[in-house]
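**Q** Keeping their order, the protein sequence lines are chains E and W.
For the first sequence, this note's numbering begins at 1 and goes up steadily by one.
For the second sequence, this note's numbering begins at 1 and goes up steadily by one.
For the record, the hints were derived by calculation from the structure and aren't laboratory data.
Glycine included, every Cβ here is placed at the ideal spot set by N, Cα and C.
Any given hint might turn out to be false.
Claimed, not checked - With a straight-line Cα cutoff of 25 Å, these simulated PhoX-like cross-link-like pairs (lysine-lysine) come out: (1) E:270 / E:282; (2) E:225 / E:284; (3) E:127 / E:221; (4) W:64 / E:429; (5) W:74 / E:127; (6) E:368 / E:266.
Unchecked claim - To give an idea of the interface, some chain W residues facing chain E are shown, with a C-beta separation under 7 Å as derived from the structure: (7) 39; (8) 51; (9) 52; (10) 61; (11) 80; (12) 99.
Listed here are the chains, written in short residue letters.
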Amino acid sequence: MTEHSTAKARWSRRNLMKIGGTAGLTLALAGGAANWARGAAPKRVVVVGGGPGGATAAKYLRRYDPDIRVTMVEPQPHYYTCFSANWVLGGFRNLEKTKQTFDALRDAYGVEVVQDRVVDWDTQTGKARLAGGDTLAFDRIVVAPGIALRWDEVDGMSEADAERVPHAWHGGRQYRILRDQLEAMEDGGTFVMAAPPNPFRCPPGPYERLSLVAHYLKENKPRSKVLCLDPKDGFSKQGLFEQGWAELYGDMIEWVPGSGGGRLHKVDPKTRTAWTQEGFQKHKANVLNVVPPQQAGRIAQDMGLADESGWCPVDQRTFESTRQANVHVIGDAAIAGDMPKSGHAANNQAKMAAAAIAAAFNGWETPKPKLVNTCYSLIGPMHGISVAAVYRYTDGRIRAVADAGGVSPGDADRFFRIDEAHYARGWYKAITDDIYG
Amino acid sequence: MAIGARTWPIVLAGVLAGTAAAQAEITRVEVMADSCLACHGAEAQGPGPMPAINDLTEQGIVNKLMTFREDEAKDATLMNRHAPAYSQDEIRAIAEHIANLE
Numbered sequence: 001m002t003e004h005s006t007a008k009a010r011w012s013r014r015n016l017m018k019i020g021g022t023a024g025l026t027l028a029l030a031g032g033a034a035n036w037a038r039g040a041a042p043k044r045v046v047v048v049g050g051g052p053g054g055a056t057a058a059k060y061l062r063r064y065d066p067d068i069r070v071t072m073v074e075p076q077p078h079y080y081t082c083f084s085a086n087w088v089l090g091g092f093r094n095l096e097k098t099k100q101t102f103d104a105l106r107d108a109y110g111v112e113v114v115q116d117r118v119v120d121w122d123t124q125t126g127k128a129r130l131a132g133g134d135t136l137a138f139d140r141i142v143v144a145p146g147i148a149l150r151w152d153e154v155d156g157m158s159e160a161d162a163e164r165v166p167h168a169w170h171g172g173r174q175y176r177i178l179r180d181q182l183e184a185m186e187d188g189g190t191f192v193m194a195a196p197p198n199p200f201r202c203p204p205g206p207y208e209r210l211s212l213v214a215h216y217l218k219e220n221k222p223r224s225k226v227l228c229l230d231p232k233d234g235f236s237k238q239g240l241f242e243q244g245w246a247e248l249y250g251d252m253i254e255w256v257p258g259s260g261g262g263r264l265h266k267v268d269p270k271t272r273t274a275w276t277q278e279g280f281q282k283h284k285a286n287v288l289n290v291v292p293p294q295q296a297g298r299i300a301q302d303m304g305l306a307d308e309s310g311w312c313p314v315d316q317r318t319f320e321s322t323r324q325a326n327v328h329v330i331g332d333a334a335i336a337g338d339m340p341k342s343g344h345a346a347n348n349q350a351k352m353a354a355a356a357i358a359a360a361f362n363g364w365e366t367p368k369p370k371l372v373n374t375c376y377s378l379i380g381p382m383h384g385i386s387v388a389a390v391y392r393y394t395d396g397r398i399r400a401v402a403d404a405g406g407v408s409p410g411d412a413d414r415f416f417r418i419d420e421a422h423y424a425r426g427w428y429k430a431i432t433d434d435i436y437g
Numbered sequence: 001m002a003i004g005a006r007t008w009p010i011v012l013a014g015v016l017a018g019t020a021a022a023q024a025e026i027t028r029v030e031v032m033a034d035s036c037l038a039c040h041g042a043e044a045q046g047p048g049p050m051p052a053i054n055d056l057t058e059q060g061i062v063n064k065l066m067t068f069r070e071d072e073a074k075d076a077t078l079m080n081r082h083a084p085a086y087s088q089d090e091i092r093a094i095a096e097h098i099a100n101l102e
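Chain E on its own, in the form it takes in the complex:
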């Protein structure tokens, strides 16, 4: 049956590329020659961003069709994941374990990795301009810029204050800053977080952070307090988080919902003070973590891919922008129906976009999407919880499949929580292997 041989061929090709650059080059040349001989159009894709969305798209474009020439443009030399970085704040994970390299993409998959920033592009001429001055030719562009933080919506601070009042909503350095501040804090101090409004990157993220900061403080500075000021009245996996907080941290964590006066009014970074209740309630923090409201990454705004919401509307089957032909937007920046903004979702959307592009290049039918999101959070180092969902594309939108998915059972025992804590670490190993390995 054809299915067997195609699957084998796909995976053998990956192994063939692994043999060495020459083999890859030969295949690329052969592929190119075959294309040229057939009079076929060139297949060139520029991928904007080397995060979970962009890197997965780059890899899977090459997996689905090694004749596609892929150039991935990423300003940073490595990618530090945001997911699992809260574990660094908890004191049981090294920040370097969140660092991912592009070596396998380059060496095993033949992705051209360029350390630069895409400034703009022209879909008529098929040219993308880089900040460093180079130009790249493309037939399709995949835009995976992640998020931009809306500093204009935080009264009293700007991006320049993020060293003193870190957001740690991008990976790497910001987490080091926040971790250092927590380590320097005296026992009895207060960690205050201002959580973001919907929609934002990583719905359970702020609450995992509260949990693991509480873990670190309970172990090392037990008289300290954790306060969350939230514009929202609910959050992802809330029941499980609150159950875990009570079990592990007593009353150390206080969460103030929007209806209870949690909306952030103003910040003074110099004194690490946050006000709520229109300025009538003052909160003095020893460590202040403000996670601002968000929108699609800057390049998406600059190039007109975002709508009034600040996020990018796309054909939810192919992730092609509804505003620009041949431009696909994936990951946090995209409006993807019921899917949350998560690394796992970005990874899955990237595969769908890559499949759609490869299909378009080859005149195949675009496969109908089935998408998945799985999200693990650690409430403590040995207390894990998860949420799962499967999605189908129906009636023009990505919709969660009913009667499937859901959060971990509320009545699960300690051993279940321990198992999920192990699976959380396993998920990180597997997904970073899938994206960057």
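Dock chain W against chain E, hints included.
**A** Only chain W this time, still in chain E's reference frame:
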């Protein structure tokens, strides 16, 4: 037929092309199975603790997924929330695909 200037490149390409020239169409089954890799590893090799699934038989995968689908497995914490989203036909197709990967 005389071999003219236009035919040589095709002949040459054919010699060089080898496996690269014929691309396999991407099926829905492949796309569904690829979503498993995010937890089971890029080659479904299971970096762990999520297990390897690339060394199971087709029937083994079907049995396991059906057990998850009926929420009768005690050895996983999340698969029983994924599996119900797939029909029996989809499960059989995914199992066949994964079992036949190299």
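**Q** Now tell me if each hint is right for this structure.
**A** Status of the hints after comparison with the structure:
1. E:270 / E:282: The given pair, whose Cα atoms are some 14 Å apart, holds under the 25 Å limit.
2. E:225 / E:284: Holds, at about 12 Å.
3. E:127 / E:221: violated, 55 Å
4. W:64 / E:429: holds, 23 Å
5. W:74 / E:127: violated, 54 Å
6. E:368 / E:266: Measuring from Cα to Cα gives roughly 46 Å; hence the hint is violated.
7. 39: Hint on residue 39 (chain W): holds, closest Cβ of chain E at ~5 Å, below 7 Å.
8. 51: Since chain E brings no Cβ nearer than about 9 Å to residue 51 (chain W), farther than 7 Å, the hint is violated.
9. 52: violated, 11 Å
10. 61: violated, 14 Å
11. 80: Given a least distance of 9 Å, the restraint on residue 80 (chain W) is violated.
12. 99: Interface hint status for residue 99 (chain W): violated (9 Å vs cutoff 7 Å).
Against the hints set out earlier in the document, violations occur for numbers 3, 5, 6, 8, 9, 10, 11, 12.
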